[in-house]
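S.K.: Model the full structure from these sequences, guided by the hints.
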Amino acid sequence: METVMEIATFLALVLLFECAERLVPARSVNRLAEIRTDVLSFLAALLLNRLAVTAIDGWLLPSDLAALPGWMTFLHSLHSVPKILLGMVLVDLAIYWLHRAQHARPALWRTHVWHHSIRELYWFSGFRTSLLHSFLNNIPQVAIPAILLGATPIETGIGYAIGLFIQFWEHSNVRVEIGPLRYVFVTPDLHRVHHAAAPDQTRNFGNIFTIWDQMFGTYLDPKHAPKSFALGLGRLVKARELPRLLIGI
Numbered sequence: 167m168e169t170v171m172e173i174a175t176f177l178a179l180v181l182l183f184e185c186a187e188r189l190v191p192a193r194s195v196n197r198l199a200e201i202r203t204d205v206l207s208f209l210a211a212l213l214l215n216r217l218a219v220t221a222i223d224g225w226l227l228p229s230d231l232a233a234l235p236g237w238m239t240f241l242h243s244l245h246s247v248p249k250i251l252l253g254m255v256l257v258d259l260a261i262y263w264l265h266r267a268q269h270a271r272p273a274l275w276r277t278h279v280w281h282h283s284i285r286e287l288y289w290f291s292g293f294r295t296s297l298l299h300s301f302l303n304n305i306p307q308v309a310i311p312a313i314l315l316g317a318t319p320i321e322t323g324i325g326y327a328i329g330l331f332i333q334f335w336e337h338s339n340v341r342v343e344i345g346p347l348r349y350v351f352v353t354p355d356l357h358r359v360h361h362a363a364a365p366d367q368t369r370n371f372g373n374i375f376t377i378w379d380q381m382f383g384t385y386l387d388p389k390h391a392p393k394s395f396a397l398g399l400g401r402l403v404k405a406r407e408l409p410r411l412l413i414g415i
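Sequential numbering from 167 applies to the sequence shown in my numbering.
Just so you know, not all the hints are guaranteed correct.
Have a look at the derived ranges for each label pair, beta carbon to beta carbon [stated by the list, open to error]: (1) L213 - I320: 25 to 31 Å; (2) T318 - E407: 32 to 38 Å; (3) G236 - E184: 44 to 50 Å; (4) T318 - P272: 37 to 43 Å; (5) A273 - S194: 32 to 38 Å; (6) E407 - W237: 42 to 48 Å.
Worth flagging that the hints you see were computed from the coordinates, not collected in a lab.
Here a beta-carbon is modelled for each residue, glycine too, at the ideal position from N, C-alpha and C.
M.R.: See the structure below:
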């Protein structure tokens, strides 16, 4: 049943963002230019993400949660709404710092560089990820809800749906204006700046909230970015690099 709901959520988001990108595109995107790479990346991402989550479940999740410290017992007892909201904030903060480290440390950059090889950014190409990238990013996404907050299966399912929406949303090629909320939430145009060819890849690391970028000096308002800019690494990825990039080494 859980798998059925995951598939249904995914297909609903495909329909939503495919329609949105066709109705209000932000920029011209040549999907066919990298379609074979995008399909390969998506299929690999399905497998790699599953492997990563399975490994993390076995590695991180304790078998006995009976002897919890008092403060964790309190967090586990929270109502679903504050628990989910707190989980979103904590996970996003953790991934913000992980994301910054991936751009600052060569060994971690190798786990992330495949994602930044995207030259035509839209909802489907955003799934380009490596095995080690999936593993690292899933650690806070699994550990914080399951261990720290004691999320129930329903709360976990809601968190999955929110996380999947964010994945589609921030990588989508949609022209959208959310007014003052853009100073709180990441928008597609803000994340697109992060995918620009260097040097702007050192900006806008947040996934859900822009507050971390604003607090820690990495925020760049899309209105202050060039109107037209290239995406990607500034070079083409060679075929012989693919195995290494897919693993993240």
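S.K.: So, for every hint listed, does it hold in this structure?
M.R.: Hint by hint, here is what the structure shows:
1. L213 - I320: 25 to 31 Å: holds, 27 Å
2. T318 - E407: 32 to 38 Å: violated, 42 Å
3. G236 - E184: 44 to 50 Å: Check passed, 48 Å falls within 44 to 50 Å.
4. T318 - P272: 37 to 43 Å: holds, 40 Å
5. A273 - S194: 32 to 38 Å: With a Cβ separation near 36 Å, A273 and S194 satisfy 32 to 38 Å, so the hint holds.
6. E407 - W237: 42 to 48 Å: holds, 46 Å
In the structure shown, a violation is registered for the earlier hint numbered 2 alone.
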